[in-house]
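**Student:** Combine both chains into one complex, guided by the hints.
If you read the sequences in order, they're chains A and B. Sequential numbering from 31 applies to the first sequence in our numbering. Sequential numbering from 310 applies to the second sequence in our numbering.
Be aware that one or more of the hints could be misleading.
[To be verified] Computed spacing ranges between beta-carbons, pair by pair:
no. : chain 1 : residue 1 : chain 2 : residue 2 : range
1   : A       : 102       : B       : 431       : 45 to 51 Å
2   : A       : 86        : B       : 826       : 51 to 57 Å
3   : B       : 748       : A       : 102       : 47 to 53 Å
4   : A       : 86        : B       : 822       : 29 to 35 Å
[As the list claims (entries may be wrong)] In silico SDA-like cross-links for lysine to any residue, where the CA-CA straight-line distance does not exceed 20 Å:
no. : chain 1 : residue 1 : chain 2 : residue 2
5   : B       : 700       : A       : 83
6   : A       : 102       : B       : 705
7   : A       : 102       : B       : 710
8   : B       : 846       : A       : 83
9   : A       : 212       : A       : 59
10  : B       : 335       : B       : 842
Just so you know, the hints here were simulated from the structure itself, not pulled from any lab data. Where a beta carbon is used, it is the ideal one built from N, C-alpha and C, also for glycine.
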Amino acid sequence: MISFKNVSKTFDGGVKAVDDVSFTVNEGEIVGFIGPNGSGKTTSMKMLTGILNPDSGTIEVGGYNVAVEGLKAKQRIGYISDNPDQFLRLTGREYIDFIADIYGVSLEDRVERTESLSERFGMTDALDRQITSYSHGMRQKIMVIGALIHEPDEWILDEPMTGLDPESAYELKQMMREHADKGHAVLFSTHVLEVAEKLCDRVVIIRYGHVLFEGTLDELQKLHPESSLEEIFIEMMKEK
Amino acid sequence: MQVYRKLVKTFLSSTDVDSPRQKNQKLFYAILGFISVCFIMVPCCLLVGYLSYALALGLNGSGIGVTFLTHFIALFSVAFGISVILNVFYFSGDLPMVLPLPIPPYKLIAAKFTAAYMAESVMQFMILIAIFIGYMIGAGFGVMPIITGIIGFITIPVAPLTYCGILCIALMGLTRWIRKKEHVRRLGMIFALFIVVAALSMVGLLKDVNFDGFAESLESGGVAFMNVMNIIFVGNFLLGKALEGSIVALLLYLLYHLFIISLFLVIADKLYIKGVVGILSGGDGASRKRNAKGMQLRTPAKSYLVKEFRTLFRTPAFLLNCVIVNFLWPLLIYVVYVMNKESSAFDKFWILYQTGNEGARWIVALAVFGISVLLTAMNSLGSSAITREGKYYYAMKYLPISYKKQLHMKALVSIIISSVFCFIYIILLSIMLNVDNAVSWYYLILSFAEIIFTTYFGLYLDTINPRLNWDDELNALRGNTNVFFNMAYAIMIAGAFAGIAYMLYVFTTIPLLAMEMILLVVTIVADILMVNICIKKGSENIEEMY
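Chain B extracted, bound-state conformation (with noise of 0.2 Å):
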């Protein structure tokens, strides 16, 4: 138990977050931080709390809504746990020193999962948490309730992790024709994505849902995507039956928990070690011929920026978190079209907005301000982009480019990535809702205006506290709170902008193609100031480099 302990505080150790060095900094950061849990963190555990507790009143204390929350919760788990545990088991740096120890395989994979299952789960805790107050107000406080809540805040994150491994460990002893790292990288991305297809696909059942009567749709037991995730999470189903009092339905809940995780060390025992030295010793498979078209004169920048673009998207956790990830926006539209096609509220606002409503445009273009902050924010295409130069940074500052040339390039690659997304929903949202060629112009401007502001505040964080120190490329944009502050400043700028916005439009009477263009004009604005002190201060702050 204590060489396990220790195993896991060791690889723990690798997550840790590494502090500016300048006091002013350290300030800066902090405020960052409080404006992180502000924008992010609580908002998130309020809405989610707020719907758990609407579920348990609705339902009349069932568990029934606690179960549907957390099924939602192991298949995005699941999705982003493939990468996860892929590279904390066969791709960390901590492998050529950690298998020649007599270990036993199984105590080297319980501490691996425990490491990955604490360091990934911070926000499924905090979640959780806000799930079982919540469903707790509605229902009422018990001993049950939270014997139930307490386990299961603790317990929930595991089984698809567990899943996740026995996946993972089962495919890399078992097969030979994925030898090569760069194949099963490959193979991680596939699934995720395959599991992000599987999930669109899921909430097709969810079509017997509707926000209006959405408790008693489930209450009704004729949800097809709930009958289909009561199997595959069983541990799930149960936890909301002892949520509702029963003893049997807990008991077989840690069962179930024995069970996989049982299942899962004995698997580990018998192939992870097969599995690992196969990856070790089998190369990598980037070594087949990729171009021998020869070489072809570039300036230095438009050089810089293919050689930006090549790291990306041959990098798979780079390709995954940062380009991939942006199709997740049309996943998540279609969950909201599919759950209110049978509602009114899309018909109504699709009249408004043919009827001129001046309401309705102006709620559209601060859709288009919110996604592309938003998407820009989360594909970290700038936030990370100095994290992903890792220890190797420092060709940065010996290769003869000026640093403002290699920043603006560096912020090039979002721009391009966050534009050609941006600029798909805002096609298709023009044709959905048959806007006129002037506002759908403005629209791609004021989307690409807002893009170049996010991408600099992202890119000047990141200049300022990088992630430099990671083994593998999934645990460089994991680890980086620019990241985690830049979706908090973009939930912040968003709010505050539809605040004030909607404030101008109730109280003033501001003809709206003023407003429009205040927006726009604010926006340009901001771009030059942060263009500017990215330039600036980046520079400085990457000379400071160590």
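Same shape as in the complex, but just chain A (with noise of 0.2 Å):
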């Protein structure tokens, strides 16, 4: 279970990034974080793993406050940053061994899920080059290999859909559904409605920091009965 409670963030320079938001994504459950550029969704996902400190509010990622009991909560994460150009110079592999390492999974463990996740995610026959030489989609992919690659409880996934192939984006939402299934939490941003829709259980609508809606999508339309989706997104953008 993934919980915020009353958090905000002011940058230097007086910028408030997040200011008193609060959601809780419940086992077995798939929330939406959704917001347009500058709503506060990156900030968030950052406080909820450790990269950035909230200036004040609780954060608990299966029952570990993240200020408190950071490296136990890390523990429990799997994260997908918003630009997967990272470790470039190791080889597939040896960025999936060295995450493993990192979170102590066993050797049988590891080399088994590598050839499931990089099968899924068809991958097995980069794994073996630096990632440097990979495109930008298969950046992304191996990214997600080594985020699921110690089955962690709470996903936390930051536009992870962003640069897949509509075969490998078919795959992670499926994957995401069945991870909730399994009782766990998946908490992901995304700008693009449809995907909310078909796989979310509930969403969070965040705009300049504040949090204007949270739950299920019917209940947002049953808001606003006459408008779409898209339409009342956009007018809650408006709203002042």
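**Tutor:** Written as structure tokens, this is what we have:
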């Protein structure tokens, strides 16, 4: 379970990126984090993974307070950042091996999972090449494999579909569903409303660091029965 | 012209140095900046300026001394310029943005070249001012020396960089076999190595020169080094003549620069786009299989260390500037050796050491100390450890491995590599001086203790204000003030220790053995303090990074 309680974050220069945000992602749920550019999605996700510290509020992952028991919380997370250009000088296999070592995955498990995940994402032939030679989509795929190699309980995915080909995007969506159905929590950010509509159990809509809506898309639709989801979203973004 | 100016301004903005965010860190940085100016820039300039003055005086106002000094500057500019030019012209992150713009290639290259010249030549400019002032103090101030000095100060760094530019553009535009980025980066590294080896060979040509009769040897015209360099860098030769009052030489100097710059721009206009498109579409040479052996179970710390080494050794800019740079030390020692071969100073020192002279032994201990400090600071393995992570440093923060462990592993990379090189030099020194085993062990331990201190100090500096926003790896190291500050501290500490030690030796009756032990104990205590500060404060700094 992931929980955000009254979390705020202000950057140098007084920019309040996240303002008193609260929401939860329960076990067995996929929650879509939706908002325009600069709305506070990535900042929230970075606080969730320990990359940034909140100024106030409490963030918990699997019952661990990220500020107090950071390493335990991180151990439970599978995180995909919004940019996959990392560890470029390692080969795909070395990268997975490194991540597996950090998370303490046994040799048997990592070999088996690497085979299975790389097959699902069509990466088997690319594993022994340096990541620097990969295309953007391939880098994204190797980051996904790395993030899932330790079978994390909580998935935190920052725009994970960006750059993925349709087959891989479909595969990832399937995996997210399977993971949630096993009783785990998935939080992912997206700009694409169709993806949220098809995949999410609930959505959190955020703008200027404030949560505008938290609930199911059906509940959102009921509030504005005359409009399509896209129209509702655009209208919400315009509201002052 | 307006487009050119705007391009230069834009390219230069990517070399801007960030300052720390917190007030107390800003003050700390200002102090370090002041120390750097006092302990690197000022001593270097004073030394070179004095050499220029002494040569001008010894040669009765001849410009040969200035020519000699500028040849050395040119040699090092070419050695390091190749990597700079390759990175700026072919690997900078702005290429996908600027290439589609309707700008003629020569203009684009002129702007990139100007930005590289301005960013890379700051230290050279200061050294050149010192050379010309030194010359004028020795030879007298006059209209021609002043005019020539001003022109020379601006233009001397141009020719070596232009040579690098012509070579890179011709290679990239005319050859098909270096289409892959990885190959090109390696080529730059190999070329730099080649220049260093060539420089080493050319130093052999200095055999006619010795410190005792330095000015006379130059004036006699029989120095092979000068004869070779006067052809390659004819501009430096003409500048020397112009300083002596030859207007013709000054005009020829200007014409020479006009010619090489025009040639460079013409070649750039014809070949640059061909080369850059080739490199952008050529993929990466790293696409071949590297390790199909499978996976291996390691502890998180060991795995982190392996990751650090792989990144370091597989990134040509890091490999050249952090590892291979350590080979410069034998070059410098070789230069000093060659220039003093005829002199009896070494022999005298050797005899003193063999006869158990305490002063000689103390000097060797301090030399070991100084080399360990300087080598570790100069390779920047510690002071660029966080910077090398770049924009994606945040992996350090989301991975479940403590900052303490990560910092120790980063430090260990520097300690291992610096120790390997220092130990080689100490062993060679021990063989040369016929040092007994116990003293050799003392030198090794002292060196190791000092490497630890310098590494953790550099690492701590890099946690305060790492340069994370870089497009190419070379830019990460070149624009990193921490590397510079770490070197300044190294020179300051080494100088302070040498001074204090000398005072103790001269003015007290403490036995040598006791002084050696004091030096070691002080260093070890400093290690313990520095490691604790680095881990505690460094972890806090990483925690605050965003």
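**Student:** Take a quick look at whether residue 102(A) and residue 705(B) sit within 20 Å of each other, Cα to Cα.
**Tutor:** holds (15 Å)
**Student:** Given a hint of 51 to 57 Å, does the C-beta separation of residue 86(A) and residue 826(B) actually sit inside it?
**Tutor:** Distance hint for residue 86(A), residue 826(B) holds at roughly 54 Å.
**Student:** Between residue 86(A) and residue 822(B), does the beta-carbon spacing fit 29 to 35 Å?
**Tutor:** At 60 Å between Cβs, range violated.
**Student:** May I ask you to test the hint 47 to 53 Å on the CB atoms belonging to residue 748(B) and residue 102(A)?
**Tutor:** holds (51 Å)
**Student:** Verify the proposed pairing of residue 700(B) with residue 83(A), using a straight-line Cα cut of 20 Å.
**Tutor:** holds (18 Å)
**Student:** Could you grab the alpha-carbon distance between residue 102(A) and residue 710(B) and see if it respects the 20 Å cut-off?
**Tutor:** Cα-Cα ~10 Å, so holds.
**Student:** For the pair we were handed, residue 846(B) and residue 83(A), check the Cα-Cα distance against 20 Å.
**Tutor:** holds (17 Å)
**Student:** Using the beta carbons of residue 102(A) and residue 431(B), state whether their distance is inside 45 to 51 Å or not.
**Tutor:** holds (48 Å)
**Student:** Taken at face value, is the distance from the CA of residue 59(A) to the CA of residue 212(A) at most 20 Å?
**Tutor:** holds (10 Å)
**Student:** Can you confirm whether the C-alpha distance between residue 335(B) and residue 842(B) stays at or below 20 Å?
**Tutor:** holds (18 Å)
Of the numbered hints stated above, the single one contradicted by the structure is hint 4.
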